[in-house]
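Line order of the protein sequences matches chains A and B. Position 209 of the first sequence, counting from 1, maps to 209 under our numbering, and the rest follow consecutively. Position 281 of the second sequence, counting from 1, maps to 281 under our numbering, and the rest follow consecutively.
Because the hints were derived from the structure by calculation, they are not lab data. Just so you know, not all the hints are guaranteed correct.
List of simulated lysine to aspartate or glutamate pairs, EDC-like, C-alpha gap at most 20 angstroms [unchecked claim]:
hint : chain 1 : residue 1 : chain 2 : residue 2
1    : A       : LYS5      : A       : ASP251
2    : B       : LYS185    : A       : GLU178
3    : B       : LYS269    : A       : GLU301
4    : B       : LYS300    : A       : ASP257
5    : B       : LYS159    : B       : ASP147
6    : B       : LYS131    : B       : ASP68
7    : B       : LYS30     : B       : ASP79
8    : A       : LYS52     : A       : GLU38
9    : B       : LYS246    : A       : GLU178
10   : B       : LYS188    : B       : GLU155
11   : B       : LYS116    : B       : GLU149
12   : A       : LYS72     : A       : GLU103
13   : A       : LYS261    : B       : GLU308
14   : B       : LYS300    : A       : GLU262
15   : B       : LYS300    : A       : GLU268
16   : A       : LYS261    : B       : ASP298
17   : A       : LYS120    : A       : ASP97
18   : B       : LYS261    : A       : ASP298
19   : B       : LYS261    : A       : GLU308
20   : B       : LYS261    : A       : GLU301
21   : B       : LYS269    : A       : GLU268
22   : A       : LYS261    : B       : GLU103
23   : A       : LYS300    : B       : ASP257
24   : B       : LYS83     : B       : ASP130
25   : A       : LYS261    : A       : GLU271
26   : B       : LYS99     : B       : GLU149
27   : A       : LYS249    : A       : GLU38
28   : A       : LYS246    : B       : ASP79
29   : A       : LYS269    : B       : GLU301
Here's a subset of chain A near chain B, in silico, CB distances under 8 angstroms, partners left out [as the list claims (entries may be wrong)]:
hint : residue
30   : TYR176
31   : GLN204
32   : ILE212
33   : ILE216
34   : PRO237
35   : LEU240
36   : GLY243
37   : SER260
38   : TYR274
39   : GLU301
40   : ASN302
Just so it is clear, CB atoms sit at the ideal spot from N, CA and C, and this is done for glycine as well.
One letter stands for each residue in the lines below.
Number of protein chains: 2
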Amino acid sequence: MFREKIKVLDCTIRDGGLINNHDFDHRFVKAVYRALSEAKIDYMEIGYKNSKKMFSPKEFGIWKFCDDEDIKRVMDGIDSQLKISVMCDVDRVDMDDIKPRKESPVTMIRTACYVKDVDKAIYMTNQFADKGYETSVNIMSIAGVLDNELTECFEQLEKECKAQVVYIVDSNGSLYQETTEFLIKKAKGIIKSKEIGIHAHNNQQLAFSNTIEAIIHDANFVDGTVYGLGRAAGNCPLELLLGFLKNPKYDIRPVLDLISKEFIPLREKIEWGYIIPYAITGILDLHPRAAMALRKGDQKENYREFYESLIGGDEE
Amino acid sequence: MFREKIKVLDCTIRDGGLINNHDFDHRFVKAVYRALSEAKIDYMEIGYKNSKKMFSPKEFGIWKFCDDEDIKRVMDGIDSQLKISVMCDVDRVDMDDIKPRKESPVTMIRTACYVKDVDKAIYMTNQFADKGYETSVNIMSIAGVLDNELTECFEQLEKECKAQVVYIVDSNGSLYQETTEFLIKKAKGIIKSKEIGIHAHNNQQLAFSNTIEAIIHDANFVDGTVYGLGRAAGNCPLELLLGFLKNPKYDIRPVLDLISKEFIPLREKIEWGYIIPYAITGILDLHPRAAMALRKGDQKENYREFYESLIGGDEE
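Could you put together the complete structure from these sequences and hints?
Structure follows, in structure tokens:
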């Protein structure tokens with residue numbers, strides 16, 4: 001009954017890092033690595049591979065840079081089949097930092113880009129592939145892209161890119177299941193030589209259902225995060241995904257323990273999840289940055305004013 | 001673009017009453033009534049019409065009984081098109097309490113029942129209809145019903161029942177969009193003379209997406225609650241529904257205000273929403289009562305033990 005090709009990628013530490021400057025301590029990251037290993041998750045994305053020439057290690061935690069030594073320290077002493085993934089943004093990587101796959105604890109490199117930057121993403125991704133890594137290109141903010149541009153982007157990825165996977169990324173949490181169906185079918189119709197993936201945000205409590213919708217239409221790479229941790233409204237909760245998937249290798253129990261012991265206390269310290277300003281930006285298909293700014297101020301529960309500020313004042 | 005036939009029924013006070021013994025004070029209920037009126041919601045379900053011979057008014061709040069005088073007090077002084085609905089359970093109503101529609105502030109009576117009790121529900125519903133009310137039959141816990149029994153139930157409702165609407169109720173929050181599609185299509189295939197409705201619970205963060213799925217397949221009555229308030233994991237958030245529906249008469253802003261001013265403070269006092277034990281009962285298609293009991297004790301974050309207690313020990 002289950003589809004063996006479906007791979008689960010947990011990006012708790014990577015996407016969660018966007019709300020704490022990538023500053024998770026080693027004990028916490030190791031607890032996540034252990035639980036994901038026991039749960040038989042396929043990939044763990046541990047952070048970004050950003051250039052230290054562009055971002056200061058004094059201002060950001062270590063998971064913005066993902067030095068091999070830090071990754072190895074997490075893996076050390078834990079018997080695991082879990083593959084490590086890191087994310088690269090266009091224009092923020094020092095390509096010399098990327099060692100050959102054989103010398104690195106990393107298995108997969110995912111390149112995130114907007115449609116307009118797909119040429120750069122292909123250029124980078126092909127280099128990662130040539131160094132021996134599994135690779136993907138993750139197309140961000142896909143809901144607001146014109147259809148002809150998306151067609152060209154997908155055609156280019158199919159023809160020119162060595163990535164094994166192309167991801168649909170709902171950065172704003174604005175997709176409904178009909179839009180998800182449309183995008184996945186469109187991608188599958190053009191991109192025949194690669195798998196399709198989905199990375200959903202939870203602004204409208206639709207991250208899980210959009211992930212299911214993508215699976216229904218043959219996406220085989222699905223992202224989740226423990227207890228939905230992630231920027232703003234967060235992501236598709238890994239525990240729900242494990243409750244849904246029928247592959248008997250997955251075990252939800254280590255993830256339940258991890259939430260009990262680590263994520264309930266963490267939620268007292270940092271905020272993510274279903275919060276009305278994030279729902280509003282999702283409904284309006286806007287990046288959550290205005291909502292994130294609102295939540296840091298003393299007007300954080302002034303929803304009507306926030307909504308008015310986003311819809312008002314536009315002129316042709 | 002919008003479908004005018006879609007009607008939104010807010011059951012915040014009725015379903016929310018299940019977590020506070022129906023003991024919302026008049027000021028709060030009036031604030032909800034005013035906001036829903038301004039938002040141009042179609043129906044507000046205000047509580048249950050239970051018999052005072054069976055339940056003591058000393059033990060329960062007034063919205064377990066919904067006396068006409070209490071309803072009129074809420075409506076008093078507010079200009080509104082909002083129709084009032086009350087819910088009746090099988091075997092818990094004193095039929096003599098139900099006055100003719102002309103003498104009552106209530107427009108709609110919804111009868112909730114399990115498939116096995118559909119004969120009783122039809123008997124009651126036809127009496128409500130004869131008294132002049134709009135009526136529905138709400139089939140609870142529909143996920144676990146054998147197909148032949150469901151067919152018979154739907155056929156009987158179509159032939160014998162005067163209700164205008166038959167609701168699919170996902171009591172356990174266990175439906176996925178494929179199951180929702182199956183059930184709505186099945187209901188539409190048999191029940192030709194009535195509308196189909198959906199009442200979804202949010203254990204797996206799927207209440208909103210299942211409601212969208214039902215709309216896609218031509219359900220025209222959809223339930224929501226403000227900020228998802230409701231028993232255990234709660235319901236489809238009304239604010240998300242209003243963000244999705246395209247009917248220009250709906251206005252999300254009064255609902256945003258209501259959440260800011262009333263529901264954020266309320267959430268500090270009573271618990272509902274996405275909480276792991278409710279997710280677990282949803283995944284396992286079980287009633288949330290075990291999870292609700294767990295949340296009242298000192299083991300409330302012991303998710304693994306709770307999960308094991310639900311899956312272990314079964315024998316053929």
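Quick rundown of the hints versus the structure:
As the CA atoms of A/LYS5 and A/ASP251 are separated by approximately 17 angstroms, the hinted pair is consistent with the 20 angstroms bound. For the hint pairing B/LYS185 with A/GLU178, the CA-to-CA distance comes to about 17 angstroms; that is within 20 angstroms, so the pair holds. Under the criterion of a C-alpha separation no larger than 20 angstroms, the hint pairing B/LYS269 with A/GLU301 is consistent with the structure, at around 17 angstroms. Restraint check for B/LYS300 and A/ASP257: the C-alpha separation of about 13 angstroms stays at or below 20 angstroms, so the hint holds.
Between B/LYS159 and B/ASP147 the CA atoms are separated by roughly 18 angstroms; this keeps the pair inside 20 angstroms, and the hint holds. Only pairs whose Cα atoms come within 20 angstroms are accepted, and B/LYS131 paired with B/ASP68 is accepted, the gap being roughly 15 angstroms. A hinted pair counts as satisfied when its Cα atoms are at most 20 angstroms apart, and B/LYS30 with B/ASP79 qualifies at roughly 12 angstroms. Between the alpha carbons of A/LYS52 and A/GLU38 the distance comes to roughly 33 angstroms, so the proposed pair goes past 20 angstroms and is violated.
For the hint pairing B/LYS246 with A/GLU178, the CA-to-CA distance comes to about 15 angstroms; that is within 20 angstroms, so the pair holds. Only pairs whose Cα atoms come within 20 angstroms are accepted, and B/LYS188 paired with B/GLU155 is accepted, the gap being roughly 11 angstroms. Restraint check for B/LYS116 and B/GLU149: satisfied, since their Cα atoms lie roughly 9 angstroms apart, inside the 20 angstroms limit. A C-alpha spacing of about 12 angstroms is found between A/LYS72 and A/GLU103, which places the hinted pair at or below 20 angstroms, so the restraint holds.
A hinted pair counts as satisfied when its Cα atoms are at most 20 angstroms apart, and A/LYS261 with B/GLU308 qualifies at roughly 17 angstroms. A C-alpha spacing of about 15 angstroms is found between B/LYS300 and A/GLU262, which places the hinted pair at or below 20 angstroms, so the restraint holds. Taking the CA atoms of B/LYS300 and A/GLU268, the gap is about 16 angstroms. The hint holds against a cut of 20 angstroms. For the suggested pair A/LYS261 and B/ASP298, the alpha carbons sit about 15 angstroms apart, so the restraint of at most 20 angstroms is met.
For the hint linking A/LYS120 to A/ASP97, the alpha-carbon distance of about 17 angstroms falls within 20 angstroms, and the restraint holds. Among the hinted pairs, B/LYS261 with A/ASP298 is consistent with the structure: their alpha-carbon atoms are about 15 angstroms apart, no more than 20 angstroms. As the CA atoms of B/LYS261 and A/GLU308 are separated by approximately 17 angstroms, the hinted pair is consistent with the 20 angstroms bound. Between B/LYS261 and A/GLU301 the CA atoms are separated by roughly 8 angstroms; this keeps the pair inside 20 angstroms, and the hint holds.
Only pairs whose Cα atoms come within 20 angstroms are accepted, and B/LYS269 paired with A/GLU268 is accepted, the gap being roughly 17 angstroms. For the proposed pair A/LYS261 and B/GLU103, the alpha carbon gap of about 57 angstroms is over 20 angstroms, so the pair is violated. Our distance criterion of 20 angstroms between C-alpha atoms is met by A/LYS300 and B/ASP257, whose separation comes to about 13 angstroms. Distance check on the hinted pair: B/LYS83 and B/ASP130 sit about 19 angstroms apart at the alpha-carbon level, within 20 angstroms; holds.
Of the pairs offered as hints, the one joining A/LYS261 and A/GLU271 holds, with about 17 angstroms between alpha carbons and a cut-off of 20 angstroms not exceeded. Distance check on the hinted pair: B/LYS99 and B/GLU149 sit about 33 angstroms apart at the alpha-carbon level, beyond 20 angstroms; violated. Simply put, A/LYS249 and A/GLU38 have alpha-carbon atoms about 10 angstroms apart, close enough for the 20 angstroms limit, and the pair holds. For the hint pairing A/LYS246 with B/ASP79, the CA-to-CA distance comes to about 52 angstroms; that exceeds 20 angstroms, so the pair is violated.
Taking the CA atoms of A/LYS269 and B/GLU301, the gap is about 17 angstroms. The hint holds against a cut of 20 angstroms. Residue-level restraint check for A/TYR176 holds (minimum Cβ-Cβ distance to chain B is 6 angstroms; threshold 8 angstroms). With a cut of 8 angstroms, the hint placing A/GLN204 at the interface with chain B holds, because the nearest CB-to-CB distance is about 5 angstroms. This hint holds: A/ILE212 has a C-beta 6 angstroms from the nearest C-beta of chain B, less than the 8 angstroms allowed.
Because the beta carbon of A/ILE216 sits about 7 angstroms from the nearest beta carbon in chain B, less than 8 angstroms, this interface hint is met. The closest approach between the C-beta of A/PRO237 and any C-beta of chain B is roughly 7 angstroms, which is under the 8 angstroms cut-off, so the hint is satisfied. The closest approach between the C-beta of A/LEU240 and any C-beta of chain B is roughly 5 angstroms, which is under the 8 angstroms cut-off, so the hint is satisfied. Of the supplied interface hints, the one on A/GLY243 holds, with its beta-carbon coming within about 4 angstroms of a beta-carbon of chain B, less than 8 angstroms.
Below 8 angstroms, beta-carbon pairs count as interface contacts, and A/SER260 has one with chain B at about 5 angstroms; its hint therefore holds. Among the interface hints, the one on A/TYR274 holds; its C-beta lies about 7 angstroms from the nearest C-beta in chain B, closer than the 8 angstroms criterion. Interface hint status for A/GLU301: upheld, as the beta-carbon distance to the closest one in chain B is roughly 5 angstroms, under 8 angstroms. For A/ASN302, the suggested interface contact is upheld, since its CB lies about 6 angstroms from the closest CB of chain B, less than 8 angstroms.
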